[in-house]
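What follows is the residue order along each chain.
Number of protein chains: 2
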Amino acid sequence: MAAKGNDRQPKYQRIAEELKEAVRVGEYGPGDRLPGENDIMAAHQVARMTARQALGVLQNEGVAEARKGVGVFVRDFQPLRRRGVQRLARDQWGAGRSIRSADAGERELVVDQVVVSEESAPQAVADVLRIAPREAVCVRSRRFSLDGKPVLLATSYLPAALVAGSAIVRKDTGPGGIYARLAELGCGPVRFREQSRSRMPSRDEADRLRLGAGTPVIVIVRTAFADGGRPVEVNEMILDSSAYVLEYDIEA
Amino acid sequence: MAAKGNDRQPKYQRIAEELKEAVRVGEYGPGDRLPGENDIMAAHQVARMTARQALGVLQNEGVAEARKGVGVFVRDFQPLRRRGVQRLARDQWGAGRSIRSADAGERELVVDQVVVSEESAPQAVADVLRIAPREAVCVRSRRFSLDGKPVLLATSYLPAALVAGSAIVRKDTGPGGIYARLAELGCGPVRFREQSRSRMPSRDEADRLRLGAGTPVIVIVRTAFADGGRPVEVNEMILDSSAYVLEYDIEA
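Chains as they are written, first to last, in UniProt numbering: chain C, 1 to 252; chain S, 1 to 252.
Bear in mind the hints are in silico, worked out from the structure with no lab data behind them.
Owing to the predicted nature of the structure, the values given are computational and were not obtained by experimental measurement.
Accuracy of the hints is not assured; some may be wrong.
Each pair may be met inside one copy or between any two copies, as identical chains are not told apart.
[What the hints assert, rightly or not] Distance condition first, Cα-Cα at most 30 Å in a straight line; then the derived DSSO-like pairs of lysine-lysine:
1) 68 / 171
2) 149 / 68
3) 11 / 171
4) 149 / 20
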């Protein structure tokens with residue numbers, strides 16, 4: 001397998017392109033070990049640094065990931081299909097199911113690191129909830145793992161005056177979760193808005209989600225609106241982008 | 001301004017955290033120049049390499065971007081609000097407006113690099129369009145820029161047999177674009193599915209979108225379905241993540 005193609009590209013880029021093409025056509029499947037530095041050096045007659053740079057390209061682009069002392073492997077991307085519309089349907093949480101049970105299918109999403117506290121609202125949250133800045137909010141912060149790997153950090157903010165005394169301020173919110181409890185309080189959500197963007201993680205996010213190099217996060221801010229357009233919850237979610245596909249069905 | 005905080009963090013990380021906090025509270029606004037290496041060296045009594053690493057953290061996380069020979073600047077994030085539901089409404093393209101005119105507001109999104117060709121369908125496209133592998137598809141590839149900066153690459157695939165002879169195979173598809181023309185052919189879209197994920201860009205994508213370091217792309221694959229659930233178009237979009245917020249409104 002000799003290097004070919006665009007001569008203006010640096011050698012490591014050409015080798016990286018070849019490796020990516022081999023992944024694309026399935027020569028190396030998810031979880032497979034890619035050729036090592038020695039293999040690449042021999043096959044392409046290049047220096048170790050060039051071989052390392054080529055493998056680095058695949059890691060930086062999120063195509064492959066290194067396991068220390070073992071090698072570089074094709075990423076095993078088995079994303080969660082997060083169905084934006086179906087998961088928020090009233091049939092879901094209204095029937096006592098958790099929203100996330102619509103995503104994972106047969107696989108089990110596990111909650112850990114639940115922290116519930118009362119804090120004064122950050123400016124951005126107060127703006128969305130249309131409460132006074134620094135007014136008290138109930139803050140629910142939790143982490144979700146799939147197959148032992150953390151995939152999602154979620155922090156919900158609700159007006160403290162609204163949820164005081166309900167199960168929303170407890171660790172376990174009960175069947176159907178926050179939305180079922182809000183409905184019992186007479187302000188169940190009738191509409192949601194999700195805004196998402198993507199960026200590289202902060203150090204802390206990368207640690208908590210155990211992200212590999214070259215893995216962005218998706219940030220989703222969801223606002224739940226009760227009847228009359230009253231905002232009752234803001235939820236900021238940080239998703240491991242290598243673990244999720246977001247899906248939305250839209251009518252024309 | 002002396003370094004303080006968690007002593008276990010490396011020095012450059014602590015300095016980076018301070019700078020990020022200063023950005024967060026607005027001490028440095030979008031487009032502002034951050035302190036340079038010399039400023040940081042003097043303020044924190046650190047070596048040039050440490051100052052450089054601290055600024056590198058902000059660039060890698062997409063908080064700031066370097067302009068060669070000038071300095072490091074807070075990112076000027078004025079995202080396009082891409083309203084997933086409203087933009088695909090029949091009132092939009094049915095009235096001869098382009099879908100993207102729902103996004104940009106007052107700002108002008110310019111199309112360039114339009115290439116229309118007939119190709120044999122890649123496997124993944126054939127699967128979605130439910131046509132035979134390697135059957136002919138019309139491929140429309142274009143790039144969109146905002147304020148002179150490329151923000152979106154889009155490639156649409158439609159069954160060639162379906163669109164032959166229509167304006168869909170021409171560079172200018174006319175008012176209302178592809179969807180208005182499909183409606184004239186008796187198979188206008190009634191439903192869409194958007195699937196999005198995020199990853200680091202390939203070299204080619206980074207070049208074509210002129211992405212700064214530490215900028216992921218969002219990949220949206222949209223399928224348009226006609227009456228009876230027939231898939232009539234697949235559109236793969238590559239978005240500069242620093243330019244877009246994706247918004248979806250959802251009924252409970």
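Hint by hint, here is what the structure shows:
1. 68 / 171: Neither way: residue 68 and residue 171 sit 37 Å apart in one copy and 50 Å across, limit 30 Å.
2. 149 / 68: For residue 149 and residue 68, the Cα distance is within 30 Å only inside one copy (18 Å; across copies 39 Å).
3. 11 / 171: Result: close neither inside a copy nor across copies, 55 Å intra and 37 Å inter.
4. 149 / 20: both (26 Å within a copy, 28 Å between copies)
The structure does not agree with the numbered hints 1, 3 stated previously, though it agrees with the rest.
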